[in-house]
Every structure is written in structure tokens, then in C-alpha cells.
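Undergrad: Each chain, letter by letter, is given below.
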Amino acid sequence: MKIRVKFFAILRERAGTAEATQELSEGATVGDLWHGLQKTYPKLDVPGIRLLYAVNRNYVHLDEKLHDGDEVVFLPPVSGG
Amino acid sequence: MKIRVKFFAILRERAGTAEATQELSEGATVGDLWHGLQKTYPKLDVPGIRLLYAVNRNYVHLDEKLHDGDEVVFLPPVSGG
Amino acid sequence: MFRVQNFSIDLNELVGYVTDAEAGAIATFIGTTRNNNEGRNVIALDYEAYPEMAEKELARIGAEAAEKWQIRRMAIVHRLGPVQIGEASVIIAVSSAHREAAFAASRFAIEEIKKTVPIWKKEVFEGGEVWIGTQTGQPLPQRQRIETETENRDRDLRRRVRTRSAA
Amino acid sequence: MFRVQNFSIDLNELVGYVTDAEAGAIATFIGTTRNNNEGRNVIALDYEAYPEMAEKELARIGAEAAEKWQIRRMAIVHRLGPVQIGEASVIIAVSSAHREAAFAASRFAIEEIKKTVPIWKKEVFEGGEVWIGTQTGQPLPQRQRIETETENRDRDLRRRVRTRSAA
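Residue numbers (this note's numbering), protein chains in the order written: chain A, 526 to 606; chain B, 526 to 606; chain C, 134 to 300; chain D, 134 to 300.
There may be inaccurate statements among the hints.
[Said to hold, decoys possible] Computed footprint of chain D on chain A, listed as stretches where at least three residues anywhere in the stretch have a Cβ under 8 Å from a Cβ of chain D:
id : stretch
1  : 548 to 554
2  : 570 to 582
3  : 593 to 606
[Said to hold, decoys possible] Selected chain C positions facing chain D (in silico; Cβ < 8 Å):
id : residue
4  : 167
5  : 173
6  : 176
7  : 215
Because the hints were derived from the structure by calculation, they are not lab data.
Each residue gets a CB set at the ideal place from its N, CA and C atoms; glycine is no exception.
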């Protein structure tokens with residue numbers, strides 16, 4: 526299945542891109558996706574950062590199962606206002 | 526001594542004027558002035574109203590002694606905002 | 134900027150006045166004329182002030198707020214004369230480095246204005262008009278709550294006079 | 134009105150939007166760029182968002198505020214891109230019949246925005262730039278407090294995710 530990924534803020538800078546598409550096998554989770562992305566973009570692993578995870582604009586856990594066409598975002602700590 | 530009085534809101538309407546000058550004898554207090562004004566403007570006595578008193582734009586008590594040229598205001602309950 | 138005026142209040146003027154390079158927060162409060170009060174259909178509010186003393190009291194509120202909280206700048210403008218439905222009768226603007234102070238000071242200011250500043254509001258409603266907070270002896274539809282509020286306001290103010298005399 | 138945008142925010146647009154004949158109070162909060170932070174001389178803040186999710190979260194904050202308090206109307210607009218000193222990065226406006234609700238809802242909204250809305254702030258200061266709230270591993274002058282705040286923020290957010298999953 527094909528998963529769309531968007532990068533923001535420090536992760537966008539670290540990945541060197543704002544968007545990516547990842548091919549994953551059926552049953553893969555958000556955690557599996559993150560693991561796979563680290564190989565393509567080794568700088569994504571920011572020491573000490575605490576990420577949150579969103580699938581299709583909803584906050585989820587790392588063990589959330591993905592589906593074809595899902596939009597996944599790894600969110601650095603927010604700092605709006 | 527001559528005392529200047531200003532009326533506002535319901536007291537202005539009851540007095541039928543916004544300003545008055547009252548001649549008082551030396552040593553007279555805010556209370557004496559109020560007593561004297563009631564004779565000139567009998568409608569000033571609004572039943573149940575609780576007034577505050579200002580001399581030269583400072584809140585004072587009813588027993589405050591007046592001086593020639595003082596500006597006195599009897600303040601109905603305020604309701605700004 | 135502590136002022137009463139007979140024309141409509143310009144929010145941008147106040148916000149511009151308190152804008153400050155050292156401020157990270159601006160809180161404003163706008164009091165507007167509501168179309169109903171205590172069950173009456175309100176047509177407009179008509180404000181009257183003892184102008185010199187009102188401005189002095191507004192400035193006193195600003196000085197007290199600056200003692201209580203780390204604020205940068207503050208502005209309070211109260212309108213006089215008739216104020217139509219939806220229009221502003223009073224605007225408070227306050228800036229501070231951190232948001233807590235701006236919130237606290239704007240809240241403090243509106244509470245103080247309602248208790249201590251010599252400004253009076255006549256409510257013009259369908260069927261009559263009334264000086265709010267003044268017990269006129271004429272029964273009004275659903276006036277019970279207003280009279281209680283007046284008594285509280287009055288007690289607070291008398292307490293303040295006493296404290297000042299003692300000082 | 135819950136929106137992110139790349140141009141300056143018009144306070145009058147928001148206040149006009151929440152103005153309501155049934156409202157007696159409008160509270161606004163304006164977050165502005167301060168010229169200093171944690172001992173650094175700030176040149177500008179540069180905001181980035183996950184726009185679709187940010188607007189969804191802003192609307193969620195508005196819906197929660199409407200459940201908690203008797204508010205009439207609410208607007209939140211957050212600016213993206215560079216925001217110069219003294220300019221507004223976020224404006225909240227909320228109207229209510231009585232002032233307590235407007236004050237409470239505007240305070241609630243800014244606290245929630247800082248915790249849960251996917252917007253990120255890069256601080257451009259004299260000598261460098263930093264994503265606020267992101268531990269980069271590079272020591273910065275006086276960053277201790279920022280890191281603690283981040284941890285709190287993060288814990289709150291994780292708690293919310295858990296609650297949602299349980300529901």
C-alpha cells in the first residue's frame with residue numbers, strides 16, 4: 526500500500542523535503558512507517574525530540590494500523606501562539 | 526463661603542439643573558450642604574438611593590468640612606461599563 | 134490613555150497605543166450594548182459622566198493595575214451619550230510581556246469601572262427608561278437582580294472610601 | 134471563523150465577525166512578536182503549520198469553548214510565515230451576553246492553541262535561529278525554561294491522545 530507523508534518544521538528541514546510517498550506492506554503501523562523513513566532520511570532522528578502522530582489529521586498512537594492512501598504526519602512539539 | 530455643586534444622572538433630572546451655587550456658613554459639612562439643597566430642590570430626595578460624596582473630585586464622607594470654592598458632587602450608584 | 138468621549142471608540146487607536154516591542158500579548162475588552170436586559174427589550178444605552186473625576190478614576194485603575202501586574206501599557210476609553218445596540222460603550226486594551234498580566238489587568242479594569250468610576254447608564258427600553266443601579270421607587274419588570282447588584286457595588290465603594298480616609 | 138493565513142491579521146474583521154446584538158461583551162487576545170526571549174534579541178518569528186489540521190484543531194477549540202461557556206460567537210486566526218516585532222501572530226475574539234464567558238473562553242483558547250494546534254514557531258534571533266519547543270541538541274543561551282515548558286506541553290498532549298483513544 527502507498528502512504529503519503531508530510532514533514533513540517535524541524536522534520537521538514539531534516540528530511541530536506543516537505544512530502545514523501547512510502548510503499549508499505551499490508552498491516553504496517555505508524556511505527557513501522559517511522560522506522561522505514563529513518564532509512565531514507567537518516568537525519569529525521571532528532572536527538573531527544575518527542576513526536577506526536579497524526580493519520581488523516583487525527584492524533585493517533587504509534588501502533589495505529591495504516592491503510593492505502595493514508596496521510597501521515599509526525600508532529601514535533603507544537604509552539605503556536 | 527460659596528460652594529459649587531454639580532448634579533449628574535438621576536439627581537440632575539430631579540434637580541432640573543446640572544449646576545448650582547450654595548452659600549454656606551464657615552465650618553459647614555457635606556451633610557449640611559445636602560440638607561440645604563433639599564430645601565431648594567425637594568425632589569433630590571430619591572427614596573432608597575444610596576449616594577456617595579465627592580469634594581474636588583475625591584471621594585469623602587458626609588462629615589467632610591467644606592471650604593470656599595469647593596466643588597461638591599453627590600454621586601448616585603455608578604453604572605458604567 | 135484614560136478618557137471619556139462623546140463619539141464612537143476606535144479599537145485600533147487603543148491597540149496601537151498599547152502595542153510595544155517588549156510586549157508579547159495584548160488583551161482587550163469591549164463592552165457593547167446588548168439588545169435585552171432583565172427581560173426588557175433594550176433600544177439603546179445613554180451614558181453620562183462626571184468627566185473630570187471619571188478620567189481621574191480611570192487613570193487610578195491603570196496605576197493600580199501597573200502596581201499589581203507586570204504590564205507594559207494600558208488604555209481605557211469610555212463613551213458618553215447614546216450607544217446603539219452592538220456598539221462599544223467601553224474599550225480596555227493592555228499589553229504585557231507575558232499573557233497572564235494582560236488578562237488579569239483587563240479583567241480587573243472592567244470590574245473596577247463598574248464599581249468606582251462616576252459614569253451612569255440610562256437604559257432606554259421598549260416602554261420606558263431607567264437609570265441603572267438607581268432605585269427609583271417605580272417597580273420595573275424583573276428588577277430584582279439589578280437592585281442586589283447595586284447594593285454589592287455600593288458596599289464595595291463605601292469600603293474603599295473608609296480605607297482611604299484611614300490611610 | 135477558524136483560519137490560518139500568510140498575511141497580517143485584521144483585528145477589525147474578527148471583532149466585526151463576533152459582534153452580535155445579543156452580546157454585551159467581546160474579549161480579544163492578540164499574541165505579538167516580542168523583541169526578546171530567554172535573553173536573546175529576537176529579530177522575527179517565522180510560523181509554519183500543518184494547515185488543514187491546524188484549522189480543524191482551531192475549530193475544535195471553538196466547539197469546546199462553546200460547550201464550556203455561554204458564548205455567542207468566536208473567531209481565531211493564526212498567521213503563518215515571518216511575523217515582525219510588534220505584529221500579531223494570533224488573534225482570538227469571542228463575544229458573550231455576560232463578560233465572564235468571553236474572558237474565560239479567550240483565555241482557554243490561547244492555552245489550547247499553545248498545546249495542541251500543529252503550528253511551529255522558528256525564532257530568528259541575533260546570532261542564529263531555533264525551532265521553539267524542539268530540543269535540537271545544540272545548547273542555546275538560557276534554554277532551560279523552554280525545555281521544561283516543552284515537556285509540560287508534550288505531556289498534556291499525550292494525555293489528550295490517550296483519552297481520545299479510550300473514548
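Undergrad: Next step is simple, just say for each hint if it's right about the structure.
TA: Okay, the hints, checked on the actual structure:
With 0 residues having a Cβ less than 8 Å from any Cβ of chain D, the stretch 548 to 554 of chain A misses the three-residue criterion, and the hint is violated. Coverage of the stretch 570 to 582 of chain A by chain D holds. Counting CB-CB distances below 8 Å, 8 residues qualify, and the rule asks for three or more. Here's how the stretch 593 to 606 of chain A fares: 8 of its residues keep a CB closer than 8 Å to some CB of chain D, so the rule of at least three is met and the hint holds. Because the smallest distance between the Cβ of residue 167 of chain C and any Cβ of chain D comes to about 4 Å, under 8 Å, the interface hint for this residue holds.
Interface restraint check: residue 173 of chain C against chain D, minimum CB-CB distance 13 Å, threshold 8 Å, status violated. For residue 176 of chain C, the shortest C-beta to C-beta distance to chain D is roughly 12 Å, which exceeds 8 Å, and the interface hint is violated. This hint is violated: residue 215 of chain C has a C-beta 16 Å from the nearest C-beta of chain D, more than the 8 Å allowed.
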